[in-house]
Amino acid sequence: MGDLGWIAYPKNGWEEIGEVDENYAPIHTYQVCKVMEQNQNNWLLTSWISNEGASRIFIELKFTLRDCNSLPGGLGTCKETFNMYYFESDDEDGRNIKENQYIKIDTIAADESFTELDLGDRVMKLNTEVRDVGPLTKKGFYLAFQDVGACIALVSVRVYYKKCPSVIRNLARFPDTITGADSSQLLEVSGICINHSVTDEAPKMHCSAEGEWLVPIGKCLCKAGYEEKNNTCQAPSPVSSVKKGKITKNSISLSWQEPDRPNGIILEYEIKYFEKDQEMSYTIIKSKETTITADGLKPGSAYVFQIRARTAAGYGGFSRRFEFETSPVSVAVSSDQSQIPIIVVSVTVGVILLAVVIGFLLSGSCCDHGCGWASSLRAVAYPSLTWRCGYSKAKQDPEEEKMHFHNGHIKLPGVRTYIDPHTYEDPNQAVHEFAKEIEASCITIERVIGAGEFGEVCSGRLKLQGKREFPVAIKTLKVGYTEKQRRDFLGEASIMGQFDHPNIIHLEGVVTKSKPVMIVTEYMENGSLDTFLKKNDGQFTVIQLVGMLRGIASGMKYLSDMGYVHRDLAARNILINSNLVCKVSDFGLSRVLEDDPEAAYTTRGGKIPIRWTAPEAISFRKFTSASDVWSYGIVMWEVMFYGERPYWEMTNQDVIKAVEEGYRLPSPMDCPAALYQLMLDCWQKDRNSRPKFDEIVSMLDKLIRNPSSLKTLVNASSRVSNLLVEHSPVGSGAYRSVGEWLEAIKMGRYTEIFMENGYSSMDAVAQVTLEDLRRLGVTLVGHQKKIMNSLQEMKVQLVNGMVPL
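Just so we're aligned, residue 0 is where the sequence shown starts under numbering that gives the first Met the number 0, counting upward by one.
Because the hints were derived from the structure by calculation, they are not lab data.
Keep in mind that the hints are not guaranteed to be accurate.
Simulated crosslink set (SDA-like; lysine to any residue; CA at most 25 Å straight-line) [claimed, not checked]:
no. : residue 1 : residue 2
1   : 161       : 210
2   : 710       : 772
3   : 710       : 541
4   : 285       : 512
5   : 61        : 40
6   : 271       : 305
7   : 745       : 773
8   : 218       : 188
9   : 243       : 301
10  : 162       : 174
11  : 710       : 783
12  : 691       : 703
13  : 103       : 76
14  : 275       : 293
15  : 533       : 781
16  : 248       : 298
17  : 656       : 618
18  : 285       : 295
19  : 203       : 160
20  : 462       : 168
21  : 271       : 432
22  : 78        : 105
23  : 701       : 680
24  : 103       : 60
25  : 477       : 210
26  : 477       : 176
27  : 103       : 40
28  : 462       : 504
29  : 745       : 655
30  : 242       : 263
31  : 297       : 276
32  : 243       : 325
Generate the whole structure from the sequences, applying the supplied hints.
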């Protein structure tokens, strides 16, 4: 944030100004706006930039530009373009040269210009332009920007070059290679055989101008005694001989010999073991020695062991399975002591049977009342199981009575149940079980479309064998990640891979065997629902909006049926495609609870998206499908309000207080009464009184089949206001002037217009109609709705005296 050291001349031309962006982060800008004066020639020169050996560089500019038509009296001199130049130099002393020595790169024009109206709403219409320069022959260069009479703010200048990153291909290492000067040039690069490999035919590849490796030629081969694995020759062969040592009722000791072909120095061994026939629940031990003791085993039980070695090149393969059995429980005890195990077993069996009987008898009420002491008994009887309420064994086929266990979860035959990936001791096992591995060569990344917590989000194309190429979205894991970041990143894929529904974002697969690590999903052309609605304010029919809501509810019904609780259902986490099909996304729960910008701290630690979260989840972290229903009600409000922020500018603490006191969001303007009633049903304080997702889907289906039922709108004069006056942006009691009211609802740009037309008091404003707004020049549908909704709320508050639900 220090001085950039750029030079402007004349000095009263370009100015360096510190501002904040739309996220209120501090930024530098250079601005100039000499539109009323003739013959402008304002220059801005950067400091010296090293090209680091690149002969072709790219310049990305981000800037805003004022529309000349919006500048009164400036049409004769105002311009809507500026010029960019460069000058090559081997040192930092070449900046003070004459203008005619700079070489022009291009004249830069804006795709979008802003007007005075945009300033009132802090709309930053940011333009992005990219130009390339080459061939460069010196060590560095200067950039210069010439203004000839525009009103412009230069927000960002990004200078970069492209390279083909270092890679190992066909057992040859190819170094970082900077692309050539020509846009169509292919640079031939020779590879160097990796350790323990020799040249068969000289390995070569070609580096394209876009930084991609193309046209591999030749290869290397592993030396005799080494074998190729995962594009390397240092991996050790499997351990072949394992011997048992001391065995007790609770432990087994093992020893083994180094692999026949270690292919390098053995760094450590990994021992995997599990109880026979329980392969899905295994334990991993690591040892630098060739001996280990496995403790905590069951008496008289068979265990299976496998061992593999690791060198600097990675792990070798696991050994074959070796089976050993622990000693049985000793029966050589005194006659008095011999009765103790029988008593213990009898009491334990009795407690378990009692818990099971009581648990199943109370299963119906357990679901409705939080499981109470019955769930505690279950936990005593079966501490490792996750129970599903409402399960009955009556009148079942004997085969259907079997409960299958998977990583500590009960799975009923014929019922798909969500399995939490965090229950896996090895997270990689969950990823590979639920997500398909994709070869990186099948993926083409085209452009960056956003940034996630773990890395960039890109769009691209996927070509699978036997299928046509199709568009996909690609989440990448940034370089230098920790093991926890990798686990959290892939955890979302482990969740997503369990779902298969037209209203749930579809996982195509993952890339874990090469870098960067990637999650590949279907591509949703219209992006997040909240942003899409804001861009298309007022453009859809009620039936289209209800169709979007129906799709979201259908996806949530599917998740609820699987036993999955989303916890962060919001319009920002719904994606929408070109056919207006909405799909639930964002299944990274650790990210939701810890790093969501909409979250607020709670007394029990972690973060929660307050504006979308049910009261019981905020107070007690009680997340259920019923709390997801509350969030769905907020999503309904967002959709009908075209992406408006729930509770507007109220603080999170004020939202919590208002909701606890019984106040609810008011109906959006022109909202069908049936939809607003459904929202209120979703916001019932008693979670058991809220509708289930299958009921919501059924209700929306009825509305779609009977469009006339959507014609009855919420009557503003009879609505009960559900927001606190002192916190609501639509209340009148807190506003002392028309200007203060308009500023509060972010419509301050219209203050002067209101005052000029005689609306100088709140009493006068209260009489404004939709036709009046149009006559005043308020032509944007979204702005009309915001102002009219605010006025309606004022009237309701005055009439009803803020009566809570």
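Hints, one by one, checked against the model:
1. 161 - 210: holds (6 Å)
2. 710 - 772: holds (24 Å)
3. 710 - 541: Holds - the C-alpha atoms of residue 541 and residue 710 are around 9 Å apart, at most 25 Å.
4. 285 - 512: The given pair, whose Cα atoms are some 22 Å apart, holds under the 25 Å limit.
5. 61 - 40: Since the Cα atoms of residue 61 and residue 40 sit roughly 21 Å apart, the hinted pair holds (cutoff 25 Å).
6. 271 - 305: holds (5 Å)
7. 745 - 773: holds (18 Å)
8. 218 - 188: holds (13 Å)
9. 243 - 301: Given that 25 Å is the threshold and the Cα spacing comes to 13 Å, the pair holds.
10. 162 - 174: Answer holds: residue 162 to residue 174 is near 10 Å, not above 25 Å.
11. 710 - 783: Measuring from Cα to Cα gives roughly 20 Å; hence the hint holds.
12. 691 - 703: holds (19 Å)
13. 103 - 76: Judged against 25 Å, a Cα distance of about 23 Å means the pair holds.
14. 275 - 293: holds (15 Å)
15. 533 - 781: holds (9 Å)
16. 248 - 298: OK: residue 248 and residue 298 at ~4 Å, within 25 Å.
17. 656 - 618: Holds, at roughly 11 Å.
18. 285 - 295: Between residue 285 and residue 295 the Cα gap is close to 16 Å, so the pair holds against 25 Å.
19. 203 - 160: holds (23 Å)
20. 462 - 168: Distance ~20 Å between residue 462 and residue 168 Cα, so the pair holds.
21. 271 - 432: holds (18 Å)
22. 78 - 105: Status holds; Cα separation ~15 Å.
23. 701 - 680: holds (17 Å)
24. 103 - 60: holds (15 Å)
25. 477 - 210: Cα-Cα ~18 Å, so holds.
26. 477 - 176: holds (20 Å)
27. 103 - 40: holds (15 Å)
28. 462 - 504: holds (19 Å)
29. 745 - 655: holds (23 Å)
30. 242 - 263: holds (24 Å)
31. 297 - 276: Given pair residue 297, residue 276 holds - Cα atoms ~14 Å apart, limit 25 Å.
32. 243 - 325: Judged against 25 Å, a Cα distance of about 11 Å means the pair holds.
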